[in-house]
Amino acid sequence: MNCHEVQDQFDERLDGRLDDAARQRFEAHVAACAVCRKEWTDYAAAWEALRRVEPVTPSVGFVERTLRRLDEETERRLWPVAIRWLAYGTALVVLGLGSGLMWRQHAERERARLYAKIQGSDYLEDFDVVANLERLTANDKEAL
Amino acid sequence: MIQPDEDVALMLRVKRGDREAFRTLVERYQRPVINIITRSIGDAWEAEDLAQRVFVQVYRTAHRYKPTAKFSTWLFTIVHNTVLNEHRRRARRRTESLEQLQQPGEDSAGWQPADERSPDPARAAAERELRRKIRAAVEALPDAQRTAVILCRYEGLALEEIARVLRCSVPAVKSLLHRARVTLKEQLRGQY
Numbered sequence: 070m071n072c073h074e075v076q077d078q079f080d081e082r083l084d085g086r087l088d089d090a091a092r093q094r095f096e097a098h099v100a101a102c103a104v105c106r107k108e109w110t111d112y113a114a115a116w117e118a119l120r121r122v123e124p125v126t127p128s129v130g131f132v133e134r135t136l137r138r139l140d141e142e143t144e145r146r147l148w149p150v151a152i153r154w155l156a157y158g159t160a161l162v163v164l165g166l167g168s169g170l171m172w173r174q175h176a177e178r179e180r181a182r183l184y185a186k187i188q189g190s191d192y193l194e195d196f197d198v199v200a201n202l203e204r205l206t207a208n209d210k211e212a213l
Numbered sequence: 135m136i137q138p139d140e141d142v143a144l145m146l147r148v149k150r151g152d153r154e155a156f157r158t159l160v161e162r163y164q165r166p167v168i169n170i171i172t173r174s175i176g177d178a179w180e181a182e183d184l185a186q187r188v189f190v191q192v193y194r195t196a197h198r199y200k201p202t203a204k205f206s207t208w209l210f211t212i213v214h215n216t217v218l219n220e221h222r223r224r225a226r227r228r229t230e231s232l233e234q235l236q237q238p239g240e241d242s243a244g245w246q247p248a249d250e251r252s253p254d255p256a257r258a259a260a261e262r263e264l265r266r267k268i269r270a271a272v273e274a275l276p277d278a279q280r281t282a283v284i285l286c287r288y289e290g291l292a293l294e295e296i297a298r299v300l301r302c303s304v305p306a307v308k309s310l311l312h313r314a315r316v317t318l319k320e321q322l323r324g325q326y
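In order, the protein sequence lines correspond to chains A and B.
So our numbering is basically just the index in the first sequence, starting at one, shifted up by 69.
So our numbering is basically just the index in the second sequence, starting at one, shifted up by 134.
It is possible that part of the hints are untrue.
Mimicking BS3-like on lysine-lysine, the simulated pairs with C-alpha atoms at most 25 Å apart in a straight line are [to be verified]: (1) B:Lys308 with B:Lys204; (2) A:Lys107 with B:Lys308; (3) B:Lys319 with B:Lys308; (4) A:Lys107 with B:Lys319; (5) B:Lys149 with B:Lys200; (6) A:Lys107 with B:Lys204; (7) B:Lys200 with B:Lys267.
I should point out that these hints are in silico values taken from the structure, not numbers from a laboratory.
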């Protein structure tokens, strides 16, 4: 093995991915070659040094705080949705009431106009009774 | 394909809105999630806040979860993305307010209480300084390299799992680890 081949195997050696024969060849070269030995020592030492940084322990109550945060954020997200639906509902009710009121006013005006027509004998010939029959009340029909 | 994984079963319960299953997953994964984030951003307090965000996101996106891989792989992908966002946010903040740059020596990540039990204060101080340098060297790695190092070295994930988390190939993970190790070797040479 030459130096280049050995240094190409640093990662496999660190990760334990070399088989026995390859590992023995690797070790033999590193033992004999001062340059590779220095490179390998630094390479492995840096990787090993990462272990010196100890793991962090979660603070007490982390789980409870996380569940509480989930509740709070869910509530915060639900409010805008509820307000939006409330606005939609209110708009629909206002629209429905408005339409009903307008329709009622229109119907009353129409009935008043027809009644006036019926009462005025001048217009009686022009009035299409058959086409407007459903608009007439019982009193209108009686008047006719 | 459903994995024979207890966590997957728990996650499927979370998908149906089971809070107890969610609690169990938080209890089980709080430590690795907090540690990955702490090692990535260097601030244990902020790491807990981000870890909470990760778990809240797990609950919210549970309906999109598909049990095609280990639960931890899916979770660590969310952690990785959260850390990326945090680094981007910090980079923006640094650009926007240069005057708020940390003063030398105020590195909260490196802060540790004095170890009064240590028989040799000088040695303890040197050890603290070395740990600070190691943390700084890991944090300074590019995003993907840093995550690969943390998942490999501290969480013991196999190369295939790291590849799934980073959404890249196994040879790409090997390359990331190699470049990271070369950088760490240069950064930490002669420090120990």
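Structure-based check of all given hints:
no. : hint                   : result
1   : B:Lys308 with B:Lys204 : holds, 21 Å
2   : A:Lys107 with B:Lys308 : holds, 22 Å
3   : B:Lys319 with B:Lys308 : holds, 16 Å
4   : A:Lys107 with B:Lys319 : holds, 11 Å
5   : B:Lys149 with B:Lys200 : holds, 10 Å
6   : A:Lys107 with B:Lys204 : violated, 40 Å
7   : B:Lys200 with B:Lys267 : violated, 40 Å
In this structure, the earlier hints numbered 6 and 7 are contradicted, and the remaining ones agree with it.
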